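Protein sequences, first through last, are from chains A, B and C. The first sequence: position 124 = 124 (the numbering used here), numbered continuously. The second sequence: position 39 = 39 (the numbering used here), numbered continuously. The third sequence: position 73 = 73 (the numbering used here), numbered continuously.
None of these hints come from the bench; they were simulated from the model. One should not assume that every hint holds.
[Stated by the list, open to error] Lysine to aspartate or glutamate pairs mimicking DMTMM-like chemistry, simulated, CA-CA at most 20 Å apart:
| no. | chain 1 | residue 1 | chain 2 | residue 2 |
| --- | --- | --- | --- | --- |
| 1 | B | Lys115 | C | Asp317 |
| 2 | C | Lys178 | B | Asp114 |
| 3 | C | Lys248 | A | Asp185 |
| 4 | B | Lys334 | B | Asp353 |
| 5 | B | Lys326 | B | Asp302 |
[As the list claims (entries may be wrong)] From chain B, some residues computed to sit far from chain A (all C-beta separations above 10 Å):
| no. | residue |
| --- | --- |
| 6 | Gly24 |
| 7 | Pro41 |
| 8 | Ala54 |
| 9 | Gln56 |
| 10 | Gly65 |
| 11 | Ala69 |
| 12 | Val102 |
| 13 | Glu157 |
| 14 | Ser180 |
| 15 | Glu233 |
| 16 | Ala239 |
Every value quoted in this text rests on a predicted model; they were computed, and no experiment measured them. All C-beta atoms in this analysis are idealised placements derived from N, C-alpha and C, irrespective of residue type, glycine included.
Spelled out from the first residue to the last, the chains are:
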Amino acid sequence: MSTATDLDRPAAPPAFQEIGAGRKLRNRFATGLVWGAFLIALAPLVWLLITVLARGLEHVLNADWWSRSFAGLTSRQFGGGVYHAIIGTLFQGLICAVIAVPIAILVAVYLVEYGKGSRLANAVTFTVDILSGVPSIVAALFIYALWVTTLGFPRSAFAVSLALVLLMIPVVVRTTEELLKIVPDELREAAYALGIPKWKTIVKIVIPTALSGIITGISLAIARVMGETAPVLVLVGYTSYINFDPFNGSMASLPLLMTSERLTTNAIGEARVWGAAVTLILIITVFNLLGSLISRLTSLKTK
Amino acid sequence: MKTKRTASVLGIVAAGALVLSACGSDNNTAPASDNSGAPAPTATAPVECGGKEALQAEGSSAQKGAMEAFSAAYDAKCSGQKLSYTSSGSGAGIKQFNGGIVDIGGSDSALSKDKGEVDAAAQRCKGNPAWNLPLVFGPVAMPYKLEGVTDLTLTAEVAAKIFSGAVTKWNDPAIAGINSGATLPDKPITVIYRGGESGTTDNFQKYLKAGSKGAWTKDAGKVFNGGVGQGAEGSAGVADAVAAGDGAIGYVEWSYAQDKNLTSAKIDSGSGAVELTAESAAKAIAAAKIKGEGNDLVLDLDALYASNTAGAYPLVLATYEIVCSKGYDADTAKAVKAFLTVAATDGQATLADAGYVPLPNEFQAKLLTAIGAIA
Amino acid sequence: MSDFAKVGRPATRETGSRGSAPNTAPEATIPPNPPDSGPPPAAPKVVTRPGDRIFRTLTVGSGALIVVMIALIGVFLLIQAIPSLSGNQASFLFSRDWNADPAALAFGVLDLLLVTVFSSVFALLIAMPVSLGIALFLTQYAPKRLARPFGYIVDLLAAVPSIIYGLWGLYELAPALKPVSTWLNDTLGFIPIFATGSSNLAIGQTIFTAGIVLAVMLLPIITAITREVFDRTPSTQIEGALALGATKWEVVRTTVLPFGRAGYISASMLGLGRALGETIAVMIILASTSQHFGFSLFDGGDTIASKIARAASEFNDPRGAGAYIAAGLVLFVLTFIVNAFARYIISGHKEYE
Numbered sequence: 001m002s003t004a005t006d007l008d009r010p011a012a013p014p015a016f017q018e019i020g021a022g023r024k025l026r027n028r029f030a031t032g033l034v035w036g037a038f039l040i041a042l043a044p045l046v047w048l049l050i051t052v053l054a055r056g057l058e059h060v061l062n063a064d065w066w067s068r069s070f071a072g073l074t075s076r077q078f079g080g081g082v083y084h085a086i087i088g089t090l091f092q093g094l095i096c097a098v099i100a101v102p103i104a105i106l107v108a109v110y111l112v113e114y115g116k117g118s119r120l121a122n123a124v125t126f127t128v129d130i131l132s133g134v135p136s137i138v139a140a141l142f143i144y145a146l147w148v149t150t151l152g153f154p155r156s157a158f159a160v161s162l163a164l165v166l167l168m169i170p171v172v173v174r175t176t177e178e179l180l181k182i183v184p185d186e187l188r189e190a191a192y193a194l195g196i197p198k199w200k201t202i203v204k205i206v207i208p209t210a211l212s213g214i215i216t217g218i219s220l221a222i223a224r225v226m227g228e229t230a231p232v233l234v235l236v237g238y239t240s241y242i243n244f245d246p247f248n249g250s251m252a253s254l255p256l257l258m259t260s261e262r263l264t265t266n267a268i269g270e271a272r273v274w275g276a277a278v279t280l281i282l283i284i285t286v287f288n289l290l291g292s293l294i295s296r297l298t299s300l301k302t303k
Numbered sequence: 001m002k003t004k005r006t007a008s009v010l011g012i013v014a015a016g017a018l019v020l021s022a023c024g025s026d027n028n029t030a031p032a033s034d035n036s037g038a039p040a041p042t043a044t045a046p047v048e049c050g051g052k053e054a055l056q057a058e059g060s061s062a063q064k065g066a067m068e069a070f071s072a073a074y075d076a077k078c079s080g081q082k083l084s085y086t087s088s089g090s091g092a093g094i095k096q097f098n099g100g101i102v103d104i105g106g107s108d109s110a111l112s113k114d115k116g117e118v119d120a121a122a123q124r125c126k127g128n129p130a131w132n133l134p135l136v137f138g139p140v141a142m143p144y145k146l147e148g149v150t151d152l153t154l155t156a157e158v159a160a161k162i163f164s165g166a167v168t169k170w171n172d173p174a175i176a177g178i179n180s181g182a183t184l185p186d187k188p189i190t191v192i193y194r195g196g197e198s199g200t201t202d203n204f205q206k207y208l209k210a211g212s213k214g215a216w217t218k219d220a221g222k223v224f225n226g227g228v229g230q231g232a233e234g235s236a237g238v239a240d241a242v243a244a245g246d247g248a249i250g251y252v253e254w255s256y257a258q259d260k261n262l263t264s265a266k267i268d269s270g271s272g273a274v275e276l277t278a279e280s281a282a283k284a285i286a287a288a289k290i291k292g293e294g295n296d297l298v299l300d301l302d303a304l305y306a307s308n309t310a311g312a313y314p315l316v317l318a319t320y321e322i323v324c325s326k327g328y329d330a331d332t333a334k335a336v337k338a339f340l341t342v343a344a345t346d347g348q349a350t351l352a353d354a355g356y357v358p359l360p361n362e363f364q365a366k367l368l369t370a371i372g373a374i375a
Numbered sequence: 001m002s003d004f005a006k007v008g009r010p011a012t013r014e015t016g017s018r019g020s021a022p023n024t025a026p027e028a029t030i031p032p033n034p035p036d037s038g039p040p041p042a043a044p045k046v047v048t049r050p051g052d053r054i055f056r057t058l059t060v061g062s063g064a065l066i067v068v069m070i071a072l073i074g075v076f077l078l079i080q081a082i083p084s085l086s087g088n089q090a091s092f093l094f095s096r097d098w099n100a101d102p103a104a105l106a107f108g109v110l111d112l113l114l115v116t117v118f119s120s121v122f123a124l125l126i127a128m129p130v131s132l133g134i135a136l137f138l139t140q141y142a143p144k145r146l147a148r149p150f151g152y153i154v155d156l157l158a159a160v161p162s163i164i165y166g167l168w169g170l171y172e173l174a175p176a177l178k179p180v181s182t183w184l185n186d187t188l189g190f191i192p193i194f195a196t197g198s199s200n201l202a203i204g205q206t207i208f209t210a211g212i213v214l215a216v217m218l219l220p221i222i223t224a225i226t227r228e229v230f231d232r233t234p235s236t237q238i239e240g241a242l243a244l245g246a247t248k249w250e251v252v253r254t255t256v257l258p259f260g261r262a263g264y265i266s267a268s269m270l271g272l273g274r275a276l277g278e279t280i281a282v283m284i285i286l287a288s289t290s291q292h293f294g295f296s297l298f299d300g301g302d303t304i305a306s307k308i309a310r311a312a313s314e315f316n317d318p319r320g321a322g323a324y325i326a327a328g329l330v331l332f333v334l335t336f337i338v339n340a341f342a343r344y345i346i347s348g349h350k351e352y353e
């Protein structure tokens, strides 16, 4: 603590000193770059959405599009709709979810509640990471080799769902694991202190606490899985008729319809492709919103 | 309280599912199509509707438009019966048929003995031979995009040189020699070929081999062997690519070139330049001979490709429907017969619209005999 | 997670100072063990209810199922590929030609591998700086209230299916890139990567276009993970830098970036894995070609994934299909290595937990 009384200079240095010009310039430059990066990210997104909407929206805006299939129409005739493809996409996604979600939640529960630090848990975490990096075409190949070649079943929508299960499990495991970790330990300990068995604690207390996030994660995963094209290319055939049977016969789906209608060069083929693109994006958006809606309805009211 | 919440959520989902599953239909009224008066075969035959409700067919994309026309006619004639066609290429069509996965295979080339396809098909048909029935005839155009050139003539020889990389520029003397009067620019030629296995490629290479007097030294086959150029996905991809690049030339079914408003090269097979029209193609088809035995109606296209009939456009392909002569179960056999009969009669009427050439009368008669013999 | 089966110990009374054993009272009342009682009494038995056992088995079983599944994938693909590999007349790893005709198998994966790696690395090189910028923007530069909606918008890029990216790339981006490609080829054509390749750049179905579309697809992945990592920068470090008078950029340069470097690299590796496996967008955009890969951005070709997808309809013959499955195995191994490397990079970094 200086006690010198020197009245020629101010007692303390000025609070805010000027920053050198070079530093200021670098700072401004960096800020500009960073803002620029964000705009670069926006540009393709906006461009893509505008393209899809501009080319496809008009075809989607009539009731026929949503309620009819392309049955009985050739690829040179306007009319009809993509009902058969919408049904197919939803079916495949939901069958996949029915199989994948219970398995994924159980795996996440294992990782968080039972298996901390054990060798199996390490192996499982590692494997889930690997599974999340498996390309969709490899998953489709595997299901083809297993389901069609070895077990002899025909190509069907169910085979597609199996391939989608492989793609959906890691996503749901990851999100559920994160959410279960966030549930505070005090809740669990309070339950144990009251004598509730472990499994009941998990099922009735831990999972419901995390439920809203889990549901959001599931709906996001379903939305992602419905847009996968590689499995439908390999594992099912295309038909322009409505087919409700996932085990037999061909079933249309939006990505498969787009791939197949791309083979037509005329205005009608283009209309169908882009209309289907708009439909797919709409359905994915609806699922995302539905997920947040349901999660908000089921979330436990806090405060 | 929690049950009320869960129940309400489940209720919403169930209601949504019910509404969704109830509100769709396959009922489409096709817009009235005007048949442009192209000659269609005149014979009719009785059709016995019934049997397997959902037939599966797969194969050549060249006949996709035709199969759709047939399928629509089938739907109209036998309500409730349908046929689904996946156009994944001739190679896939044969493989899926031999594998028992589809009921009818669509292929631009007949089953090949050398590749074991004939035997595999016989095995699929429980020991009975499979028949190749040509129901669709379509010309193959050579569209090109070249600024300032609207009239281009090619011979099979020059085409072979272009598609094998021997000629790489548009103003090459080989091309200029047969196009006196056109000013050809000094641009590189971009060859667009069909990627993957395609019956169109097979027929095109067969044409080049048969008609080019030795200028095409590669094999024929479903995979493009020219060794030059870039591949495109499906016929639509070829047409799109040719339309997009100045200096590009490719080979594609006529309907696709028409859809994209592409100019196609005229073919001079020795008797003058012939433009591709319905008449010139029909003239070539009428001269085609059958080399298969009995009801197996395999065509001898090599002779056609090497011919030089005046006014005939020789680059035509035929798509076969590959079916079992016997060996289907009763339901499938009935449905297949019904479908093929409709295809050979009512279905031919709308083919001209879609860029195909309807069956000549003699062919139709032979086809109906063969179809009738399917058991 | 301690084992709470042994509930029942009486609550100990808190005394003033920690550590002193509050046993004095109970010790007086618990009678010492009789000297001739044999072994000490066993610990109280753990009660496991059947519900617990069943549930535990279910979860362990699910975990084991996942591990088995991955092993199965590897084993299955290998089994299906071996007959074709043994019948292969060309060297699988080094031949550049691909002929999967079952009668004359002669397939080599080298060309496919080169195109796959080249296009993915190109996409990564474009995506890495841009995602770094976006992540910094969202965590440090954006106004606080807008950071979440902006982040959501960037995440929207991940929601678009890859087939739509492919269609957009082919029909919109490729024609739009024509002037850029032509300029690059004309002025910089002496550099091998900008030399004229096997795909006509006026049509635009080149690795250049495909790489840019891939880069757009990678942006949300790399950004999301990097964002999380940057968010975890200890605020004490940031505030310390600010207290020392650093500008915003200097704060970022000295605290956020060094802290998040490992996470950023790991995120980029994950993005690379994704690019290696991308199938449909590449299949739609990239034109196949009969010439060998010439290391030019304006080449066409096939990646492993797009080659398999193109041949998808021809899988009936097991020998032919086996060739594609062998290529798929190579891709599987490649993405495995890249993902394992990504995990390895952040394995020591406890601060990311």
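Taking the hints in turn, this is what the structure says about them:
Restraint check for B/Lys115 and C/Asp317: the C-alpha separation of about 12 Å stays at or below 20 Å, so the hint holds. For a cut-off of 20 Å, the pair hint linking C/Lys178 to B/Asp114 is broken: about 45 Å separates their Cα positions. The suggested pairing of C/Lys248 with A/Asp185 is violated, with an alpha-carbon distance near 38 Å, which exceeds 20 Å. Only pairs whose Cα atoms come within 20 Å are accepted, and B/Lys334 paired with B/Asp353 is rejected, the gap being roughly 29 Å.
With a C-alpha separation of about 29 Å, the suggested pair B/Lys326 and B/Asp302 falls outside the 20 Å cut-off, and the hint is violated. Look at B/Gly24: its CB is around 4 Å from the nearest CB on chain A, not clear of 10 Å, so calling it non-interface is violated. Interface exclusion of B/Pro41 from chain A stands, the closest Cβ pair being 19 Å apart, more than 10 Å. For B/Ala54, the condition that its CB be more than 10 Å from all CB atoms of chain A is violated, with the nearest at approximately 6 Å.
Non-interface call for B/Gln56 relative to chain A: violated, since the shortest CB-CB distance, roughly 7 Å, does not exceed 10 Å. With a least beta-carbon separation of about 6 Å from chain A, B/Gly65 fails to lie farther than 10 Å from that chain, contradicting its non-interface assignment. Listed as outside the interface, B/Ala69 is inconsistent with that label: its C-beta sits roughly 6 Å from the nearest C-beta of chain A, within the 10 Å cut-off. Listed as a non-interface residue, B/Val102 fails to keep its Cβ farther than 10 Å from every Cβ of chain A; the least gap is roughly 8 Å.
The beta carbon of B/Glu157 is kept farther than 10 Å from every beta carbon of chain A, the shortest such distance being approximately 29 Å. In this structure B/Ser180 is separated from chain A by more than 10 Å, as the shortest Cβ-Cβ distance comes to about 33 Å. Chain A draws B/Glu233 into its interface by the beta-carbon criterion, the shortest separation being 8 Å against a cut-off of 10 Å. The claim that B/Ala239 lies off the interface is violated: its Cβ sits roughly 5 Å from the closest Cβ of chain A, which falls inside the 10 Å cut-off.
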